[in-house]
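Could you use the hints to bring the two separately framed chains together as a complex?
Top to bottom, those sequences are chains A and B. If you read the first sequence in UniProt numbering, its first letter stands for residue 1, the second for the next number, and so on. If you read the second sequence in UniProt numbering, its first letter stands for residue 1, the second for the next number, and so on.
Each hint should be verified, as a subset may be incorrect.
Going by beta-carbon spacing under 8 Å, a handful of chain B positions derived as facing chain A [claimed, not checked]:
hint, residue
1, Asp19
2, Arg36
3, Tyr154
4, Met194
5, Ile677
6, Val686
7, Val707
8, Thr708
Keep in mind the hints are simulated off the structure, nothing from the lab. These numbers were taken from a predicted model, which means no experiment stands behind them. Built from N, CA and C at the ideal position, the CB exists for glycine as well.
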Amino acid sequence: MSSAIPLRLYVNGDRYEIAVEPRRTLADALREDCGLTGTHLGCEHGVCGACTVLVDGQPVRSCLMFAVQAEDTSVRTVEGLAPDEERLHPVQQAFWENHGLQCGFCTPGFLVLIAGYLEEHPDAEEAELREVLSSNLCRCTGYQNILTSTMCAARAMRGEP
Amino acid sequence: MTGAEPPTWTGRALPRLEDPAIVRGWGRYVGDIAARDQSCLHARFVRSAVAAGRLISVTAPPGVTLFTAADLAEVKPIRAVLNRPDFVAVDTPILATGMVRFVGEPVGLVIAASEAEAEDALELVDVEIEPLPAVVSAEQALAPGAPLVHAVDYPGDPNTVVDGRIHTEGFDAAFARADRIVEIQVSSARQSAMPLEARAAHAAYDRASGRSTLHVTTQMPHLIRTGIAHSLGLREDDLRVVAPDVGGGFGAKMALAREDVALVWASRRLRRAIAWLETREENFLAAWHSREQVYDITGAFTADGELLALRGDLVCDVGAYSCYPVTWGVEPLMAMAELPGAYRVREYSVRSRAIVTNKCPIAPYRGVSRPVQVLAMERLFDVAAAELGLDRVAIRARNLITQFPHRSPSGLVLDEASHLETLRAATERADLADFRDRQERARAQGRYLGLGIACFAERTGYGTPAFAARSRPIQLGREPAPLITPGYERAVLTMDPSGALTLRIGASPHGQGLRTTLAQLVCDELGLEPGAVRVIASDTDATPYGWGSFASRAMVIAGGASLLAARELAARLRVLAAARLGGLPDDIELAGGQAVRAGEETGVSLATLARDTYLNAHLIPDKGEPALEAVGRYDPSGTFANACHVAEVEVDPLTGQVSVTRFLVAEDAGRLINPAIVDGQIHGGVAQGVANALYEELIYDERGVLVTTSLMDYLPPTIAEMPGIDIVHLDTRSAESITGAKGVGEGGTIGAPAAIANAVSDALAPFGVGVFHLPATPHRVRTAVRTGADIRRTEKGTAS
Numbered sequence: 001m002s003s004a005i006p007l008r009l010y011v012n013g014d015r016y017e018i019a020v021e022p023r024r025t026l027a028d029a030l031r032e033d034c035g036l037t038g039t040h041l042g043c044e045h046g047v048c049g050a051c052t053v054l055v056d057g058q059p060v061r062s063c064l065m066f067a068v069q070a071e072d073t074s075v076r077t078v079e080g081l082a083p084d085e086e087r088l089h090p091v092q093q094a095f096w097e098n099h100g101l102q103c104g105f106c107t108p109g110f111l112v113l114i115a116g117y118l119e120e121h122p123d124a125e126e127a128e129l130r131e132v133l134s135s136n137l138c139r140c141t142g143y144q145n146i147l148t149s150t151m152c153a154a155r156a157m158r159g160e161p
Numbered sequence: 001m002t003g004a005e006p007p008t009w010t011g012r013a014l015p016r017l018e019d020p021a022i023v024r025g026w027g028r029y030v031g032d033i034a035a036r037d038q039s040c041l042h043a044r045f046v047r048s049a050v051a052a053g054r055l056i057s058v059t060a061p062p063g064v065t066l067f068t069a070a071d072l073a074e075v076k077p078i079r080a081v082l083n084r085p086d087f088v089a090v091d092t093p094i095l096a097t098g099m100v101r102f103v104g105e106p107v108g109l110v111i112a113a114s115e116a117e118a119e120d121a122l123e124l125v126d127v128e129i130e131p132l133p134a135v136v137s138a139e140q141a142l143a144p145g146a147p148l149v150h151a152v153d154y155p156g157d158p159n160t161v162v163d164g165r166i167h168t169e170g171f172d173a174a175f176a177r178a179d180r181i182v183e184i185q186v187s188s189a190r191q192s193a194m195p196l197e198a199r200a201a202h203a204a205y206d207r208a209s210g211r212s213t214l215h216v217t218t219q220m221p222h223l224i225r226t227g228i229a230h231s232l233g234l235r236e237d238d239l240r241v242v243a244p245d246v247g248g249g250f251g252a253k254m255a256l257a258r259e260d261v262a263l264v265w266a267s268r269r270l271r272r273a274i275a276w277l278e279t280r281e282e283n284f285l286a287a288w289h290s291r292e293q294v295y296d297i298t299g300a301f302t303a304d305g306e307l308l309a310l311r312g313d314l315v316c317d318v319g320a321y322s323c324y325p326v327t328w329g330v331e332p333l334m335a336m337a338e339l340p341g342a343y344r345v346r347e348y349s350v351r352s353r354a355i356v357t358n359k360c361p362i363a364p365y366r367g368v369s370r371p372v373q374v375l376a377m378e379r380l381f382d383v384a385a386a387e388l389g390l391d392r393v394a395i396r397a398r399n400l401i402t403q404f405p406h407r408s409p410s411g412l413v414l415d416e417a418s419h420l421e422t423l424r425a426a427t428e429r430a431d432l433a434d435f436r437d438r439q440e441r442a443r444a445q446g447r448y449l450g451l452g453i454a455c456f457a458e459r460t461g462y463g464t465p466a467f468a469a470r471s472r473p474i475q476l477g478r479e480p481a482p483l484i485t486p487g488y489e490r491a492v493l494t495m496d497p498s499g500a501l502t503l504r505i506g507a508s509p510h511g512q513g514l515r516t517t518l519a520q521l522v523c524d525e526l527g528l529e530p531g532a533v534r535v536i537a538s539d540t541d542a543t544p545y546g547w548g549s550f551a552s553r554a555m556v557i558a559g560g561a562s563l564l565a566a567r568e569l570a571a572r573l574r575v576l577a578a579a580r581l582g583g584l585p586d587d588i589e590l591a592g593g594q595a596v597r598a599g600e601e602t603g604v605s606l607a608t609l610a611r612d613t614y615l616n617a618h619l620i621p622d623k624g625e626p627a628l629e630a631v632g633r634y635d636p637s638g639t640f641a642n643a644c645h646v647a648e649v650e651v652d653p654l655t656g657q658v659s660v661t662r663f664l665v666a667e668d669a670g671r672l673i674n675p676a677i678v679d680g681q682i683h684g685g686v687a688q689g690v691a692n693a694l695y696e697e698l699i700y701d702e703r704g705v706l707v708t709t710s711l712m713d714y715l716p717p718t719i720a721e722m723p724g725i726d727i728v729h730l731d732t733r734s735a736e737s738i739t740g741a742k743g744v745g746e747g748g749t750i751g752a753p754a755a756i757a758n759a760v761s762d763a764l765a766p767f768g769v770g771v772f773h774l775p776a777t778p779h780r781v782r783t784a785v786r787t788g789a790d791i792r793r794t795e796k797g798t799a800s
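With the rest of the complex left out, here is chain B (with noise of 0.2 Å):
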């Protein structure tokens, strides 16, 4: 997939400076950290067993350390908020409080001195509930007289706590003048992003100086020093916290968990170091959850398959609190605002909603709600294609997105992209014919098998102007404004006296390599190799204040701002040099930790640059700073990566089981920092992409009790499920992203599962079904084939 090396550091395919310490068993995860503190207490949360009801009583006997809510009196419940006039507001107590609303919301924590005992302890704890009526799918909440999840003031309908809406101005007109309509519903099951580490936390407390430590398996740890601090009434520099290595985000690990503050609290008023190490099960009830949503979708079409207008009635199932930071609006604001995605549509009219249902809180989960908007937009280009009798990368390559920069009907400009390059080089190396021809042969043999096409656009490395724009704006007033809107990202680079380098970033990776890329971007600048580079993430002690690493975000924003900081230094050597050698700074050029003038065979080398700086400051030639330092910020406003996925599946009719057989990626993510990485971000996207397909799904039954608590229930593919995925790279850039590269972590998940969704359609089409809800399930295969029905969502977000 790599051609030649090409000169520079950036652009190969380095192998990880992280991974020689890992693959021998020397990472360091927070569970490592408990397991070596063999002096520290144990934490088990009590949860709720009941969806809703009113919280008599948490009581145990003598000897059982327990803590309720009672005990964190003073604390301060989380509050995630958007200053928009359909924002409802409420505070997520860090323990439940007067009423419980989801099965799995922490009411207590016990504290022992090991995990065994903590463990005995939970079982004496004594949980009083009166049950009531529990809202458990968005239908419900909506209906007349629905019990409301928060007894708060609704300014719209009641359970709705985000109402969005867009209608243009052309939209009716557009939509009167179509020849045809298409309407169909899609919807996306709940899912879990379920990295392989559960959360974990381990909180330190040290007498002498007040502060406490937090070691957190997450990837936003200054938010989580933020949300914290402010929970527990804490100056931000009495809490130090620490992502050491993660293991695994997705998502999942951008919320601040009311566990972890509780944890902090306690290890303050105990005076203690505590660890909590959640169960698997745990994680699956109460560790956040993502994707249920439901979208109507109206296409207005011209007969030759222009799409003229797009309607949407877009319903999110958000659960029953508003995560940290982001907020629930961060489902049905994304739906609503990209859901045009790679399609040019002038006229557009939607609402998109977050509804409050009595489960567990939903949060990003990578590709958030891009994965179900993409099934939107791509059910729809192949029922408008059999409707209208039009070949489906005809319909699609028609209403592509080919003129830049486009602003879509939602007010995003999307800078210049490959859509249509990337369409043709999927189907080319798809050979649509040759498959044809196939599929024809295997249907004369009772065999099944389907292509399916997606299109997309991921929206990438956006910093503080996108996240502005969910809000209206505010005024600063005397008291701390509740809004947070993440963007930007510092990198402080420092060369010490020995000449080595230290990058200090905001960013906090969990798996994907930003270690190296980071140094390969930044040694390029400054004549060095990768292995000169030291990069310090995920300690508030150590590094800048950032927002850490999610929406694709960390190679074009903390790349960008480590850049920028390895330019400044380069210029700074350069001077340094300059005043030695004679010449002009611009004639001096870093290569192999010497700055040589131009022509020249020797120069100086940078550890004396460096040496001289820090030790013999009084003959600092430019009379700047003792020290070599650059610190580089970037905010960009933000790009879009693109991408064709194509899948191939067999689908047996007797059983309802899908193989995915072939993938297909033809990928637009400008330069590539490190092509081995980049395809492990798409291969792994592809399998969660896979799972969102075919296989995972977190069920409640009808008394909103989570079923799917074990991975026994809960199915994440492994080898056995995954095709191997074949990918072509296109190069577009942006300018508004220095390093070339655009976010690269989300795709595989977003295109995949449309992709699977018409290939499955695609194989049973001679039966007359589609699949219209996910996971598409052997029962809900094998059903749609013996009934003739489409797979559709019926369950009303319940068990089936």
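Bound-form chain A, shown alone (with noise of 0.2 Å):
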């Protein structure tokens, strides 16, 4: 490709030096050039949510911005939640324990979203995080234990039981 461009990116601790297309996604260049294949894409038009990641830990549609707009940035993605192969995320253990993803195309999207606004908002309540859900489209679950999962989460991370 002769008119890609040399890019440095952070992702989930780890430098990339890549080199792009201009017109790349971050989504692509994230599954494609990074080998992060867990930031899914549902759209591509920046709707469903499922390639949500974080960028300099603001949630970002990975499929509507450029892999050079994110130039020297920190991306998470959901392989960045869990602190090692041992432990998960308080967000994934709780939507693994309140059966709150069927096909999980879309729940590496709503991992990251959660976990990105309760670490923000630690104290949110249910009328808030509702809110936040309402970003992203799941198309098995109904939601409903997306939000109970949503809402373990937030318990955990607060350190309530």
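Here it is as structure tokens:
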């Protein structure tokens, strides 16, 4: 690709030196150039939220952001939520325990969205979290267990039983 | 919702074995396989922008790799047929040839080194089509002199490809005896199952073996192999089909895609791996639609509300081609067979038709016709109750089936169910008297609340006999019969020399947690923990032939096959253990990974029995096989789950907005293998029912161009549109399910639209209008309030 632009990204704490066409989306760069396929593409027009990642802590539709716009930023994807291969992030743990996923395709987007929000707003209450969750689409769960999982994760992150 | 944990693994809300990998982002979907294959080529399909026309040419400048129908001349079309006198069979070419029949129909295939380059190449392709008049609604298709979507002989009316009829002997007499005739029309807009993962495939070719491997997001890998091998003239063994993690199906991934056939063909032609990742727009245009149905229903009632006879004229707009394998008969034939549902209908006269149009073909979508069937019956009972001055719970209770087995007028046998009990459970929980008080008070404040009820029977877990009944019997001859009759499932359970268990199934999960629930069933028989059982599915090289997961069948049929395999393996282990420990096989208990003689404390580990069976075969005491393997096969005729849904809504008459404020489900799916998974299926099903009732609608314009091609036009509910769902479980067992479980995958979607339509109609009663067409969008509700006219289908299948 003659028009490829060299690009430096920090993803989940790792440095990636890649080269991308200007039109390459952040989602495609993460999936194909960084090999991080946990970020999914459901619509590629910014509605479904399956591709949500955190860019410098802020939730972003990675299908709507060009990779070059993420130059030198710090990106967090679903692969970067768990502290290690033994433990899960509290949001991941809550989704597992509360049957918060079925096919799992939308799940990475929800996990990243919720983890990012709860880390910034640990005291968020249900109505506020419902508003946040309305950012993303799930076709399997009817959202009931996603809400339950989110509330459970919020309590866990506050250190409540 | 779940009580104390039972002593068995079966019945527990066990967190799913699938989930730890998925929540880490380690799932493997088809797009992930493509993303990690740096060397694969990428495909895009050239699609018709015209609903009906003569295809003149598809050309591209030099340098663009383009394949058209001429290149695929040797490839056989897809043909999905039933053996019925009223059935019209047509070919689906892999790429359109001669004629195009819907917007989005594939007419060419471009291949490039990357997705972006394939998209660029697509822009360079020139498609010349001479437009012809398009038929964009069933009314147009049936009008005198209408253009023919397919130039074939129609045994009956033009553009009519299935025309089923039932007329019971006593119908006319019963009809004549009625005190009151109630006639309604109900209808549903076209919808998309819209799995969040659109279609995707990755076809690879191995020069050494000559084999192709297709990774594809499907619910039925074995059938995909059969269909593609047939079209390409391959031995089935030349093709391996793998469905890795599948991002939702809902029926839309249980049909053979022409795109997948073309992709395997191109991969073999170019001797390269090629990926195809469908865009969301293509998914709306071409990845199957459903449920565009209009039912004219007449009920003949006695003055005290008994339904003496039911007449129906059911019309399904099935689009342009017959989907493989279930055919374009899937909607009308289900509607005809199952319209009476949970109700005792002794006399029945029905005509049910599939009408072809220049629109995207239909395929099953969760519930298939039943959401509209239940809408018809439940609106009929509410209208009849109002006209006869009867209570709407009482009129249902009077007509629900209470004697079992019940033979329906279409010949279905309904086994033991709990229709009356679920109606009572749901309406008691709803507290109708309290609701009436709240409704009164709200009306006094200018707020409009409504409550709606829907009762239904969900036919589930049906095997070969049920599918065979859709066709007349055939004579098997020398040539392969084109008919395909799904049904059975097989499961192969193996204990390896280390004592580990592998269960290989023909069913193919896509989010239902089947690996967990089957492990729960199997491990109880063998005294192991679920983690000891690895379930292998969705790979034609590694699993027995099976039909996949659809029609609320996997837990009943694959579950039954797995249970039988587990029982057989357990019996063999008892024989082997008894030879060592003394006593009879029946005295041996399997628990905690040990085989122990009853009353004794120590025994022999299953791992030891396994090791010696494989590695010291000369010592096998029963002279049996030097292997621990059992095959289960299950092919039941089917059973019926049942449920009652109650919806509460609030309608804003100024904006027309409907909010679903409460949703109750009293459900009887028999034994719950994993209650959390059952509840999850109900939650998700209800969400798709809410979507059907209020939001989702595929709209074509008068030229047959789909105008809802993004998620900003087609509106699946978010959490903001979803109420909390309260579930009550009843448990009626069926002899047609050896696991005790009945299917539960579709029920939520089946009942919710009718419950919500009845609730909105109840809320709008002060305005004298009711809901007879779905979705009841704000525009339609507001118009009804302003004009005083019911919400009915008026658009003739085109945009309003």
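**Report entry** Those earlier numbered hints the structure runs against, lowest number first
**Finding:** The structure breaks hints 3, 7, 8; every other hint is satisfied.
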